[in-house]
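Protein sequences, first through last, are from chains A, B, C and D.
If you count the first sequence from 1, position 305 lands on 305 in the numbering used here, and the numbers rise without skipping.
If you count the second sequence from 1, position 275 lands on 275 in the numbering used here, and the numbers rise without skipping.
If you count the third sequence from 1, position 296 lands on 296 in the numbering used here, and the numbers rise without skipping.
If you count the fourth sequence from 1, position 409 lands on 409 in the numbering used here, and the numbers rise without skipping.
For the record, the hints were derived by calculation from the structure and aren't laboratory data.
Note that the coordinates shown come from a computational prediction; the quantities given were computed from them, not determined experimentally.
All residues carry an ideal CB built from backbone N, CA and C; glycine is no exception.
Misleading hints may appear alongside valid ones.
Beta-carbon label-pair distances, calculated as ranges [as the list claims (entries may be wrong)]:
#1 D:Ser317 <-> A:Met1: 24 to 34 Å
#2 A:Glu51 <-> C:Glu354: 54 to 64 Å
#3 A:Arg20 <-> C:Asp382: 31 to 41 Å
#4 C:Ala397 <-> D:Ser317: 35 to 45 Å
#5 C:Pro333 <-> D:Lys348: 58 to 68 Å
#6 C:Gln408 <-> D:Thr4: 48 to 58 Å
#7 A:Thr165 <-> C:Val18: 37 to 47 Å
#8 A:Thr165 <-> C:Asp382: 46 to 56 Å
#9 A:Ser3 <-> C:Gly411: 49 to 59 Å
Derived lysine-lysine pairs resembling BS3-like cross-links, with alpha carbons at most 30 Å apart [unchecked claim]:
#10 C:Lys259 <-> D:Lys6
#11 C:Lys127 <-> D:Lys39
#12 B:Lys47 <-> C:Lys259
#13 C:Lys259 <-> D:Lys204
#14 D:Lys6 <-> C:Lys289
#15 C:Lys39 <-> D:Lys6
#16 C:Lys326 <-> B:Lys47
#17 A:Lys265 <-> B:Lys266
#18 D:Lys204 <-> D:Lys39
#19 D:Lys326 <-> A:Lys47
#20 B:Lys265 <-> A:Lys329
#21 A:Lys265 <-> B:Lys265
#22 B:Lys329 <-> A:Lys265
#23 D:Lys94 <-> D:Lys259
#24 D:Lys259 <-> C:Lys26
#25 C:Lys6 <-> D:Lys39
What follows is the residue order along each chain.
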Amino acid sequence: MPSMTMIEAIRSAMDIMLERDNRTVIYGEDVGYFGGVFRCTAGLQEKYGQERVFDTPINESAIVGMAIGMAAHGMRPCVEMQFADYMFPAFDQISQEAARIRHRSNGDFTCPIVIRMPTGGGIFGGQTHSQSPEALFTHVAGLKVVQPSNPYDAKGLLISAMEDTDPVIFLEPKRLYNGPFGGDHSGQAIGWKQHPKGKAPAGHYRVPLGKANISRPGNDVTVLAYGTMVHVAEAAVKACGIDAEIIDLRTLLPLDLETIVTSVKKTGRCVVLHEATRTSGFGAELIAEVQEACFYHLEAPIVRVTGWDAPYPHAQEWDYFPGPERVTKALQQTLEA
Amino acid sequence: MPSMTMIEAIRSAMDIMLERDNRTVIYGEDVGYFGGVFRCTAGLQEKYGQERVFDTPINESAIVGMAIGMAAHGMRPCVEMQFADYMFPAFDQISQEAARIRHRSNGDFTCPIVIRMPTGGGIFGGQTHSQSPEALFTHVAGLKVVQPSNPYDAKGLLISAMEDTDPVIFLEPKRLYNGPFGGDHSGQAIGWKQHPKGKAPAGHYRVPLGKANISRPGNDVTVLAYGTMVHVAEAAVKACGIDAEIIDLRTLLPLDLETIVTSVKKTGRCVVLHEATRTSGFGAELIAEVQEACFYHLEAPIVRVTGWDAPYPHAQEWDYFPGPERVTKALQQTLEA
Amino acid sequence: MTQTAKLSFPHPPSRPGVTPDFSYLKIPKAGTLAVPDVKMSVEDAAPYAHGLIRVLDGKGKAVGPWAKYLGDTGSAEILRRGLRDMLMMRAIDKRLQIAQRQGKTSFYIQCTGEEAIGCGFARMLSKGDMNFPTYRQQSLLVGSDYPLELMIGQVYSNSMDPLKGRQLPVLHSSREYGYFTVSGNLGTQYVQAVGWAMAAALMKDDGIAAGWIGDGATASNDFHGALLTASVYKPPVILNVVNNQWAISSCTGFAGGGKATYAERGLGYGIPSIRVDGNDYLAVLAASKWAIDRARGGDGPILIEWLTYRAAAHSSSDDPSVYRSKREAAAWPLGDPVERLKTHLILKDAWSQERHVQAEAEVLDEVRTVQKEVESHGTFVDPRPMPPADILRDVYAEMPEHLRRQRQQMGS
Amino acid sequence: MTQTAKLSFPHPPSRPGVTPDFSYLKIPKAGTLAVPDVKMSVEDAAPYAHGLIRVLDGKGKAVGPWAKYLGDTGSAEILRRGLRDMLMMRAIDKRLQIAQRQGKTSFYIQCTGEEAIGCGFARMLSKGDMNFPTYRQQSLLVGSDYPLELMIGQVYSNSMDPLKGRQLPVLHSSREYGYFTVSGNLGTQYVQAVGWAMAAALMKDDGIAAGWIGDGATASNDFHGALLTASVYKPPVILNVVNNQWAISSCTGFAGGGKATYAERGLGYGIPSIRVDGNDYLAVLAASKWAIDRARGGDGPILIEWLTYRAAAHSSSDDPSVYRSKREAAAWPLGDPVERLKTHLILKDAWSQERHVQAEAEVLDEVRTVQKEVESHGTFVDPRPMPPADILRDVYAEMPEHLRRQRQQMGS
Ligand SMILES: Cc1ncc(C[n+]2csc(CCOP(=O)(O)OP(=O)(O)O)c2C)c(N)n1
Ligand SMILES: Cc1ncc(C[n+]2csc(CCOP(=O)(O)OP(=O)(O)O)c2C)c(N)n1
Ligand SMILES: [Mg+2]
Ligand SMILES: [Mg+2]
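If we strip away everything but chain A, and leave its shape as in the complex, we get:
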């Protein structure tokens, strides 16, 4: 299997779908000729032409609105928001339109679109290049919400998303684009080449939506994470030697509650991680479900390790980021409770 960075894996998925399904179109700001500010679509316009892969005006609402019209007609648009922070102008089209076309038309029209967006911090992008808005999407019935943590999953999940007939929000942790990241921002970034999940088949394969992955089996505490935080959890666990079971959710909506509940019933303890602000973050939803399903198995309160309830700061990025120390502390606290 060839080595791939996250960027290459995402590009490969789109390449394959452009090849296999002529209903596929790819577009967004700087996505066409230039190949995207993160290079995810590099070379695709050259290969498939301007009618399949193209640039757009800087209007996220129109990007999604056009996709809805195209999808209703029968195409399969996969569009990019340049940063998740810039999806807000499109939130109306996403939450009020895309998510409901099927339901409100009783299936007469459907909306098979994929909206990709780089999410999370780690590049000193300040408050408008670092946000993690996943919780907002998970509150919208009718959407599916996906966030991969490695190239293998990214490719397989993106292919599944592009083959799905419902609208899918595909969040790409930008800090992982070029290599895994365990939270040690002072050290060298390790490339995906060194990582087992940095290899993926060159051709078509699927990672199913709605299925979590146990990225590290363990017995003492369950860690629920996705995206970058999976790697932070792994690094923390490795360093502190706690026998944690780390679940990489992969799909947040619909959630693979079964895998989660099985694990928490086994470990009796649970820690939830995300980079987004704490209050009403997706961690809250996870805790609500877990405490309800596993109440009689829980031996300690479920705790969250998250971004602080403030805008993502520029200079103090690493004081904001929920790094391995905070994760370790939470694990210890949970085990001692």
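The hints should help you fit chains B, C and D with the ligands onto chain A, whose structure is shown.
Just chains B, C and D with the ligands, lined up with the frame of chain A:
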């Protein structure tokens, strides 16, 4: 104290603030000459003139954007979204701009605005006149989020909101505008005249932001609710005779966790109610906080009674609404657990 | 310099008790504008964006180049069908508005005074074309021969409703009849129409899309997104602005109307734009035919401003006498579309007052019959329960686990 | 009819290896447009929206009515200050771009080629006026004599940063210097400028607001919201569009540029709009003075399209050689603003090549000295920790309970 409906109470708050503080302006779609589709601003343009109370184009994003500019300059805009469902085009201005002006300018600019919006179902409005988007706002650091359940609180909270120097989202449960509502949609609506909280001082007073109210003291289970659901809870409790403590949150952000925790530690059980869709609703946040703070006092899992995870239907409105039967069932289940 | 900056606030044509004044509108004579080449460029469009395409003159005569352009499309037979469409639309509105007042449904929206636009436009479309309507374009359905029982069933939200009662009355949906599922959020669908048209061009399927928006909703963000993307990619889309002078209680001035025309807004984006007398059924047919030919022929997007008047209340929840003079509709300078077409046909000896009265009775009867049948499946005063679990269907193609759990909690 | 609808895609002036072609731009001669009355109506604005206000001709001579209009404002003294402002701006950009390359800060954005616009406009504003800039309008700060150490401190995010390192470099904020806190989200601030201007009118404080937006960002929703609300309420706002031909890798055609001008977009909203040679410092001064007088005098909003060219990369994260010819800047028909003003002053005998070289050295020295001092407070390669709890300050006026808890968790 004069009797007031919720509408009259809200109008009275704006009237008083227009009178007391000449920095106050009130505007929105159909808000000026007509006095608002729910009549909350009726008579105010006539009284204060077009420069203080006026109509706007149908552009929610511009309504909020203008308010930010005005507020930064030194005014105190209180604007209306015609329905909470139509705030989505403004969500970018609200979450990315209003909420952060103070922080990102290090206090050089501030954003004292109030954004009022009718929320919730109960008028056969279908999916675009019934939504409860409060959870989305509570995920945004920098906002305050308020939802009154009666005229007395509505007036006092709105005055506090208009005097606050931070942006406040003021959600008005439209089903309560003309009378309390316990969930019995078949019967006659009872007017506010018959309700103790349907009286309020004619003049200026405040109900502080950030303080919950125990609307019914009790010992066996704590019910967390806000807006319409406070009345549903009261009706359910009255009918089934369970000794529940009902907490009317009033402010969702910042949350009065102290009052909640004290109650749950006493009762050992907790049920959370809202009309919004379940997944990642504000109930999740409440549960996350309560289980963490009260873990060792809880005798049963905390359960949620919420709207279903689907668009709010038109004809099946009352199959969707989390009415007294569902609340009663949840209370019983919690007590039996 | 002393500060003299003062804010300005638009004025409506009237307020209660005030004599209506429509002088902000310059109404050119019928027949004065030529029929431009369908390839008309934006540079040549200025007269059409400032002016007004009109065919029927004050006496009801069809005059000028656009009358000639109509050719067979202006035949007595076609026009009589158009008149019947409009009468039908009016009868539906009347009956359903009454039904709403009787509590048989929750809500209704009439399109009184605007019937010509949708009735005429739809007759010029082809199968496979797609409208992206607002709540007030039900006349497109009548002009597409949409089955009456579906149209009425939707409003009653009963088992005859193709949308299973999920949507507010009048928010119809029919792929087959070229009527995209209507949103309650204003503006959003305008840019979706552009997307559909782009797909039509990319899939080379010969179809076009038509976006619809009210004058008030041109203020919304997606109006801009639609004009911009249409001007950039030039797909086969017709962007219709129904300028009926009001947006609930706000006059068209609050959407910037009155200064520049809405058609001129289009020119600013480089989109050829025309302005049409929307109360003149012949002008509607002629302009629709021209614009549809143009779009289908690959000459890019076009914007049409339809000048008309919202004669009825905004909706069944609205009482316009609170914010405008009751005499406004009568003062509206473009008259009533039904009356004008009727006058024209009578002038042509193709119609008579008697036949008109008879036709009115016929359509009313037809509507009443279907309405009765539909009502027998339940109304809001006599509701027939539907399974609650229907709420959870079609949220996704396949029902996910968490919705199954919720279905179980429903006990169904 | 056969379907011929095909999508269209805008073409850039060049791609790597392709000879730049700016023929889509018609550049009129300098001095041809008259100075209209400040009360100019939208009907009279068409020539100004299609045309181009220019003062300096090809030889560097100030010609035509706008040169005369400048009067004392075009004195050698004022122009020398303007030249110095631009040299200062260029020196700052140069030094900070290098600092970014050295890893001393995370990010930087230059405004090379566009210096005249902000430097000139700011000199015409009064205390109390407020700009709502984008990230590329730092020249407004230079033209307002904003303290260099604050400007540089912000970019280093250290203790000299008035924004405590919270914002990305170049997203300055200064109420005192009329520079509204810059957002990273495009477009949002354009409509906020309208709101500020409305407040100025309502509070009768004699101030005006100036919104700023890039050509690419005119595509964003709030551009529309701003034009619309400005046209409805007519507050004292100047809506500036900086048309520098590019938006990262997308040519201005993707924002609809090239078909109609951006100034014409304004006309569609009924807003008088003018188009100005943004690389001509004298034209900038003249047009700014005219527009600011107009706005302050209460004659309502005005839109100014500044025609210019983004000579540098989009930002320090961008490499334009991947998507456009390296020869584009040289082919840009309006030249370089510094060179043009310098030529004019030399022609007038008010400047010399020697003085120019000396001035360049002086400003570079000034910048270098301040930069050194600021760097002594820490850079990204030599960071000085700030208390983590600073993150939680100013989220609200008073820190609420849940943030206090979080502060505790921080251990600070
Ligand atoms: C985004 C949004 N904002 C507000 C509303 C509430 N609303 C419904 S109809 C209407 C007026 C629309 O006027 P116009 O576009 O002129 O259409 P008309 O009713 O005249 O046909 C308003 C404000 C809405 N539906 N959507
Ligand atoms: C809402 C939003 N979408 C996308 C971006 C990403 N972005 C930053 S700058 C830029 C290009 C802007 O071009 P233009 O407006 O022409 O300004 P210029 O850079 O040329 O000065 C883009 C797409 C953003 N900042 N905000
Ligand atoms: Mg209207
Ligand atoms: Mg640009």
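Evaluation of the provided hints:
no., hint, result
1, D:Ser317 <-> A:Met1: 24 to 34 Å, "holds (31 Å)"
2, A:Glu51 <-> C:Glu354: 54 to 64 Å, "holds (58 Å)"
3, A:Arg20 <-> C:Asp382: 31 to 41 Å, "violated (53 Å)"
4, C:Ala397 <-> D:Ser317: 35 to 45 Å, "holds (40 Å)"
5, C:Pro333 <-> D:Lys348: 58 to 68 Å, "holds (60 Å)"
6, C:Gln408 <-> D:Thr4: 48 to 58 Å, "holds (55 Å)"
7, A:Thr165 <-> C:Val18: 37 to 47 Å, "violated (55 Å)"
8, A:Thr165 <-> C:Asp382: 46 to 56 Å, "violated (37 Å)"
9, A:Ser3 <-> C:Gly411: 49 to 59 Å, "holds (53 Å)"
10, C:Lys259 <-> D:Lys6, "violated (34 Å)"
11, C:Lys127 <-> D:Lys39, "violated (52 Å)"
12, B:Lys47 <-> C:Lys259, "holds (29 Å)"
13, C:Lys259 <-> D:Lys204, "holds (26 Å)"
14, D:Lys6 <-> C:Lys289, "holds (20 Å)"
15, C:Lys39 <-> D:Lys6, "holds (14 Å)"
16, C:Lys326 <-> B:Lys47, "holds (24 Å)"
17, A:Lys265 <-> B:Lys266, "holds (27 Å)"
18, D:Lys204 <-> D:Lys39, "holds (20 Å)"
19, D:Lys326 <-> A:Lys47, "holds (24 Å)"
20, B:Lys265 <-> A:Lys329, "holds (26 Å)"
21, A:Lys265 <-> B:Lys265, "holds (25 Å)"
22, B:Lys329 <-> A:Lys265, "holds (26 Å)"
23, D:Lys94 <-> D:Lys259, "violated (35 Å)"
24, D:Lys259 <-> C:Lys26, "holds (28 Å)"
25, C:Lys6 <-> D:Lys39, "holds (14 Å)"
Hint compliance for this structure: hints 3, 7, 8, 10, 11, 23 are not met, and every other hint is.
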